[in-house]
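Since the structure of chain A is provided, determine the placement of chain B on it from the hints.
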Amino acid sequence: MTERHDDPALLTGSHALDALSDDERALLEEALRTSPELRAETDSLRETALQLAYAVQPIEPPAPLKASLMAQIATTPQAPPVADQTPVTSAETTAPSVQEARPAPVTDVATAGGSAAATARRRWFQRPAAALSAAAAVAVVFLGVGLGVGGAFTPSSDPGPGTTQASGGLDRIYAASDFQRNTAKVSGGGTATVVWSNELRKSAVILDGVAAAPEGKTYELWYIGSEGTGGKISAAGLMDGVADGVHSAVLAGTMTEGATIGITVEPAGGSDQPTTTPIVAVPTTSA
Amino acid sequence: MLAIVERDTGWSSAEPAPVSADELLSRVAAGDQAAFSDLYDELSGRVLGLVTRLLKDRAQSEEVTQEVFLEVWQQATRFDRARGTAASWILTMAHRRAVDRVRASQSSHDRDTRIGIRDFEAGFDQVSESVEIRIEHERVSRALSKLTEFQRQAVQLAYYGGFSHSEMAERLGVPIGTVKTRLRDGMIRLRDEMGVTS
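As you go down the protein sequences, you meet chains A and B in turn.
Positions 1 to 287 (the working numbering) are the ones given, in order, by the first sequence.
Positions 1 to 198 (the working numbering) are the ones given, in order, by the second sequence.
With a cut-off of at most 25 Å between alpha-carbon atoms, the simulated DMTMM-like pairs for lysine to aspartate or glutamate come out as follows:
1) A/K66 <-> B/E63
2) B/K146 <-> B/E136
3) A/K185 <-> A/E215
4) A/K217 <-> A/D244
5) A/K66 <-> B/D38
6) A/K232 <-> A/E257
7) A/K185 <-> B/E138
8) A/K185 <-> B/E136
9) B/K56 <-> B/E67
10) A/K185 <-> B/D38
11) A/K185 <-> B/E42
12) A/K66 <-> B/E42
13) A/K185 <-> B/D41
14) A/K232 <-> A/D178
15) B/K146 <-> B/D192
Stretch-level coverage of chain B by chain A, calculated; a stretch enters the list once three of its residues show a Cβ under 8 Å from a Cβ in chain A:
16) 22-29
17) 161-169
Derived by calculation from the structure, the hints in this document are not laboratory data.
In this text, a Cβ means the ideal position worked out from N, Cα and C, and glycines have one as well.
Only chain A is shown next, with the shape it has when bound in the complex (with noise of 0.2 Å):
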């Protein structure tokens, strides 16, 4: 037991991959108590290793799982919240998977989504009236079919902090420890899905199966912001070059929370408000 490799600096890594044994999870888990460095590392490797689970092909269930799940729990009741958030007030009531995922049960969970703001960004931008008139030829490409990472993206106005796109700016909303997605259909075919943190205030649209827009005209990104910050729009960004296949944009500026991202088409070099309905609007519904 005193040997090097029982020195529990060297078990986050097998921590955050669940191989540890029940005697070296207690080991790193009472050096947890008192290194707050180990804990921070602790914590980074297991957002690490979520990003692996995320990369797995997703099965679908047979439909009668649900079924059965659905009945039982009709009949199951939920454990109660727990006031104090030491990790080790959870130990009793809690099975071990629970601590592992989250060791500080919590509170809040009932003060979710604000009504006002919702009603807010459903009475704007919330969904496309009008189809978009069928495709036409356009220019830039704006990102190879395929995994888009980053690519060219020209803000229209007001470009704000942070508007230069290095292909890093996906990857570092994909990582973040609050990621979120949404995704809603584009009017005229196709998806757009939103990824964004409330934290990096970030936020990046990806588009699949969008035809092109017509000939002089740009798809155009904008921010709305909800009720609470004023219901400002902000141009957020042109996407030219979209035809078929995938591609991804990480908005200009800066995102507030709740606020819904919405499409336009707009004569080329972009508008400074939107000009005509949009093809989609996804609100960025975190609460």
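Relative to chain A, chain B alone:
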């Protein structure tokens, strides 16, 4: 309300906004079974995918998936949004359960240690997968390629194979301390390559 609004702007519709998994989990915590149903629809594919990755056996994997979601229902009241997303919470639970199951039900001799980058790519259909999954897969794939071969092998054996490091040490014929070091160095490298901040 919506109708009036629509008249005002012409930009809205009666369709409800998509709801995030975090928001759904908050509702589940309040006992909302419909929200649970939506949350299940959103994440069950990822959970079953991950669990099947470890267990291989489909029936067992479905069983574990069911256990995970039952636990989600029971423990939703204790979910701490400040510490991560609903998806992270659920996938971490799923992985932990899958690992427990794989260790309980299969001896390490029955498991294939030849898990490598090819295995990671195997069965992954670039064409049929959704954009996001493809992007995420590509990111991980790229980051994994920056690890040394030993580090990569160790990380993949642990995460996708469910091996404990003592099992790995035995199978790979290296001291257990070496396995721990490879896992830690590999994960740190992976974290830095992927820009994970936490």
